[in-house]
Amino acid sequence: MTTNTAYGAVKRPEKSSSPWAIARRKFLRNKLAMISTVFLGIVILLSLLAPVLAPYLSPIPDITKVNIGKMSIPPNDEYLLGTDKSGRDVMTRLLYGGRISLLVGASATAIVVILGTIVGSVAGFFGGAVDSLLMRFTDFVLNFPFLVFVIVLNTILYGIVDGLWVLILVIGLLSWGGVARIVRSKVLSERENEYVLAAISIGTPPAKIIIKHLLPNVLSTIIVQATLLFASLIVAETGLSYLGFGVPEETPSWGNMLAFANEPDVLQGKPWMWMPPALAVTFTILSINFIGEGLKDALNPKSQR
Amino acid sequence: MLKYALRRILGMIPMLILVSIVVFFLAKAMPGDSLSGEIDPLNTNPEYIAEMREKLGYNDPVYVQYTRWITDFVQGDFGKSTRYKLPVSELVAEKLPNTIFLALTSLLITYVLAFAMGMYSGRRPYTLGDNLIFGFNYAGIAIPSFVAGVFAIYFFAFKLNWFPFAGSVDIEVDKGTIEYWMSRIHHVMLPAFVLGMFSTASYTQFLRNDLIENSRKDFVRTAMAKGTPTGKIYNVHILRNSIIPLVTFLGFDIAALVGGAIITEKIFTYPGIGLLFLDSVTSRDYPTVMAITMMLSAMVLIGNLIADILYGIVDPRIRLG
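Protein chains in written order, with the numbering used here: chain C, 1 to 305; chain V, 1001 to 1321.
Chain C extracted, bound-state conformation (with noise of 0.2 angstroms):
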């Protein structure tokens, strides 16, 4: 073998990685990313597992019956994180209470990021008049002060839509304006290439061109941008459901358990009550953020790692 490419017979160049491969062994080679994502990874298992895993876990597995005999007992042996003022488990509540905070937020972030896409594509892909006027109303929208338009709204909406849908629809349509920024600008810059003007020159469709060709390219930053925005859009329902206008209350979710905590005595003298959703909420967004940031550092070609 060594002996014949002395004679000049041509070694083929290996195939260099495509970015997506240079980007999935940088991340990997993240140690803070990936002790993240795993740490995120158990935290929507034992989530998604909540029915299965709180009868094991805890001797109350059920989320809503009030149990008079058992209420506010401290952390024990057999009540693993103790009882609320209701006599319901924690540990149970705060299984299931992921499953609300993390649904919120994704469902979130999936409309945000699909709103966003759409106008801050068409607006920098058509550019004139119809990405002035978008971009205006995108500016209207994030001129509004969003929690207060969004407790505003959800007094409104509340009764009519399912109480859970209305705090991710309110959410979701008030937080568009900065993804369909950062998109259009992307957009923009990307426009400018040959590749866009030789597909429009052949007749292809606005559509396709954008779906096709500028989206794949425009990609990358919509990924981190989803990754962040999931983080500080759990924020939001937590710091909702915690003012008492978010999940409705009969529904546990790490903001409404957070709520207790409103009580003096019970932040006083109860902190198993608060202090295990408010260690949920702080390292999920934590974990989420260090992926965010593990991710724009994996997909940006330019940095060395």
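It is worth saying that the hints were derived from the structure and are not from the lab.
Nothing here was measured: the structure is a model prediction, and the numbers come from that model.
Hints may contain errors.
[Stated by the list, open to error] DSS-like mimics (lysine-lysine), calculated; alpha carbons at most 27 angstroms apart, straight line:
#: 1; chain 1: C; residue 1: Lys-15; chain 2: C; residue 2: Lys-212
#: 2; chain 1: C; residue 1: Lys-270; chain 2: C; residue 2: Lys-85
#: 3; chain 1: C; residue 1: Lys-296; chain 2: C; residue 2: Lys-31
#: 4; chain 1: C; residue 1: Lys-302; chain 2: V; residue 2: Lys-1085
#: 5; chain 1: V; residue 1: Lys-1217; chain 2: V; residue 2: Lys-1095
#: 6; chain 1: C; residue 1: Lys-85; chain 2: V; residue 2: Lys-1159
#: 7; chain 1: V; residue 1: Lys-1175; chain 2: C; residue 2: Lys-270
#: 8; chain 1: C; residue 1: Lys-26; chain 2: C; residue 2: Lys-15
#: 9; chain 1: V; residue 1: Lys-1085; chain 2: V; residue 2: Lys-1175
[Stated by the list, open to error] Covered stretches of chain C (chain V as the covering partner; in silico rule of three or more C-beta atoms under 8 angstroms from a C-beta of chain V):
#: 10; region: 149–155
#: 11; region: 179–187
#: 12; region: 231–240
#: 13; region: 243–250
#: 14; region: 253–265
#: 15; region: 275–287
[To be verified] Part of the chain C face toward chain V, derived, beta carbon under 10 angstroms:
#: 16; residue: Tyr-56
#: 17; residue: Ser-86
#: 18; residue: Gly-269
#: 19; residue: Pro-271
Think of the CB as a built atom: it goes at the ideal place given N, C-alpha and C, for glycine as much as any other residue.
Chain C is already provided as a structure; the job is to place chain V on it using the hints.
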């Protein structure tokens, strides 16, 4: 410059009108008659209600109602609170000073801390101190403010007893005395810190990175070659360049404080506009909700306007573009 500022201010007016239309229709969409607390809720006689509705103009076309509402609003007549039976403007005037005090203290803490930490980190990058500050900042950016607030109360108010956990002032002290103001400052410290945590962290990181970047520029090398002491180079030559972008953040801060104040005031049961807003939503006191929604939206717009104008002052390219 004046022309640029005027253009910005004029550009804000259509935005304000649009926001007011949205707020008006949101209020109309709320269950019940939301624009006034004039109808006596105990009198259920349908004739009385119909008469009052006619008298208050609820049967007029929508645009007439809107015009009437916005005209009153601009003149400072926000309607009457259904809950307290008081003009909303009085309610707001009672709570507003507390919120302004909270916001100003928070801004002060933010800028002082961000300067101290940013200057330290920027002069000694990649040292232990810099890394510690970075860790603190990462926590400040990533941890949600309500979680931070709850933990702050638990540790600093209950465990260490350093700060009170609720309210804006002790009840025993007399208004106007030195003790009164000391008590107010004592009460506002913890909420103000929590409220400013996010901006403190982002400003510190911004100032640090800007200092490091500027310290590699030519004018620094020149100053060093002339033998200017390092301290003077940092405090005079570099800082002057790095401060400028930081000042422009002020406008965005005003917008961020609006949302932040609602959560912070709730956590610390601090009697300000945010708490009044939440209570009004809960008790369905719509005139108050609308007035505050409109006020806060205007604040965000004004905050963005200030940011734009400050940018224009700092960077001439923007004001000509």
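Outcome of the hint check:
no.	hint	verdict
1	C:Lys-15 to C:Lys-212	holds, 24 angstroms
2	C:Lys-270 to C:Lys-85	holds, 10 angstroms
3	C:Lys-296 to C:Lys-31	holds, 14 angstroms
4	C:Lys-302 to V:Lys-1085	violated, 63 angstroms
5	V:Lys-1217 to V:Lys-1095	violated, 49 angstroms
6	C:Lys-85 to V:Lys-1159	holds, 22 angstroms
7	V:Lys-1175 to C:Lys-270	violated, 36 angstroms
8	C:Lys-26 to C:Lys-15	holds, 18 angstroms
9	V:Lys-1085 to V:Lys-1175	holds, 26 angstroms
10	149–155	holds (count 5)
11	179–187	violated (count 0)
12	231–240	holds (count 4)
13	243–250	holds (count 3)
14	253–265	holds (count 4)
15	275–287	holds (count 5)
16	Tyr-56	violated, 28 angstroms
17	Ser-86	violated, 20 angstroms
18	Gly-269	holds, 9 angstroms
19	Pro-271	holds, 7 angstroms
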